[in-house]
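Protein sequences appear in the order of chains L and G. FYI, the numbering for the first sequence is 40 to 128, going by this note's numbering. FYI, the numbering for the second sequence is 2 to 260, going by this note's numbering.
Do not rely on the hints blindly, as some may be mistaken.
Claimed, not checked - Stretch-level coverage of chain L by chain G, calculated; a stretch enters the list once three of its residues show a Cβ under 8 angstroms from a Cβ in chain G: (1) 74-88; (2) 98-106.
Stated by the list, open to error - Derived pair list, reagent style EDC-like, types lysine to aspartate or glutamate, alpha-carbon separation capped at 20 angstroms: (3) L/Lys-115 <-> G/Asp-251; (4) L/Lys-98 <-> G/Asp-136; (5) G/Lys-189 <-> G/Asp-251.
Said to hold, decoys possible - Sample of chain L residues with no beta-carbon within 10 angstroms of chain G, all distances over it, derived: (6) Ala-116; (7) Asp-125; (8) Val-126.
Because the hints were derived from the structure by calculation, they are not lab data. Backbone N, C-alpha and C fix where the C-beta goes; we use that ideal spot for every residue, glycine too.
Below, each chain spelled out in residue letters.
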Amino acid sequence: MKEGSEIPSPVPQTTGDRATSFQAVQGGQEHYSGETLLVSAYAVLWALVLAWVAFIWRKQGEMNARLLDLQRVLDKAAAEKVAAKDVSP
Amino acid sequence: MSGAASLNGAGRRTSVGPVARARTLPADGVFYPLVMLTAVAFVVEIFFVFLRAPVEVRMGIVQKIFYFHVPSAYAMYLGATACFAGSAAYLVRPTDARDALARAGAEAAVAFGAIVLTTGPLWGAKAWGTFWTWDPRLTTALLSVLIYVAYVVLRAFAGDGSAERKFSAALGVLGAANLPIIHFSVQKWGGQHPTVITGKGGGLQHPDMKLALALGFLAFTMLAVLLVWARTRVELARSRLRRAEEDAIDLGLDTRTEA
Chain L
40 MKEGSEIPSP
50 VPQTTGDRAT
60 SFQAVQGGQE
70 HYSGETLLVS
80 AYAVLWALVL
90 AWVAFIWRKQ
100 GEMNARLLDL
110 QRVLDKAAAE
120 KVAAKDVSP
Chain G
2 MSGAASLNGA
12 GRRTSVGPVA
22 RARTLPADGV
32 FYPLVMLTAV
42 AFVVEIFFVF
52 LRAPVEVRMG
62 IVQKIFYFHV
72 PSAYAMYLGA
82 TACFAGSAAY
92 LVRPTDARDA
102 LARAGAEAAV
112 AFGAIVLTTG
122 PLWGAKAWGT
132 FWTWDPRLTT
142 ALLSVLIYVA
152 YVVLRAFAGD
162 GSAERKFSAA
172 LGVLGAANLP
182 IIHFSVQKWG
192 GQHPTVITGK
202 GGGLQHPDMK
212 LALALGFLAF
222 TMLAVLLVWA
232 RTRVELARSR
242 LRRAEEDAID
252 LGLDTRTEA
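Build the full structure now, drawing on both the sequences and the hints.
Written out as structure tokens, the structure is:
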């Protein structure tokens, strides 16, 4: 820090130097915690990958339901055919 | 399926049997070992990124985002390439497998593109003091992801007919045109985006940094291959199921009007 700077040193030199007020930085850029950003990025990565896996899982579930419907239709048709064969001489 | 078997036995030819016996993608014997290898690669990658690779002198710990931001971008390229290959092949000779590959590739491009477009701004917040700028690389990457979002939305809502598939395939081919533009945008138009591994910057200065990045590429390549493979298989099975449903309707077995 330059000598004569308007911003006081954050480390008190004597007990009389202790802060008695907090001042906001004027016109400075907002600062972000690197740790928070890193963890956020890593969490987003896995959230997106897992969301896609869940999407694939849901697609498989839909297919399974359709497959069961189709099997039901085929079983019904087969049963009707057997019944018709039993009735005919 | 007992129903299908008895019908075939009665002499009526349906496509349910042949569809069920159709050639499938490579066996599970390759897939499951690849899952294990990918898991191991990610464990080693996490170890190297968080415990071995040194903290960067100017940016601090946030620089470690780089080790999965860049491999995610690479995985996005892989997905987009799969979409291009499947789409181009479909336009030459339409098959369910080619369409399924294109669709899976587009979804991979969207998923990994979303990772790139989220992790990049989180890094930028610290390194640039802002989450987003209209830098050439950022803008072209966003454009590319939007193209693949358009593809995915088109496939989700425009039906699954031959015309829709062909239109999507054309979009899949044209969408790939933006990929080299993303890559070369940094060199042609400048901007703020770092050029650490493009030969213009100083590169990674520590061997553990290089190793962490290399492991990132390996892990994300395997993850992309796994996910595209799994998605392709689901999509292919869905196409076959739809044909079986249509056959059931054509034969009068199912009272619905369409599958």
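Results of checking the hints against the structure:
1. 74-88: holds (count 10)
2. 98-106: Since 5 is at least three, the answer is holds.
3. L/Lys-115 <-> G/Asp-251: With a Cα-Cα distance of about 16 angstroms, the restraint between L/Lys-115 and G/Asp-251 holds, given a limit of 20 angstroms.
4. L/Lys-98 <-> G/Asp-136: Answer violated: L/Lys-98 to G/Asp-136 is near 37 angstroms, above 20 angstroms.
5. G/Lys-189 <-> G/Asp-251: violated, 57 angstroms
6. Ala-116: violated, 4 angstroms
7. Asp-125: holds, 13 angstroms
8. Val-126: With a cut-off of 10 angstroms, L/Val-126 remains clear of chain G, as the shortest Cβ separation is near 15 angstroms.
In summary, the structure is inconsistent with hints 4, 5 and 6 from the numbered list given earlier, while agreeing with the others.
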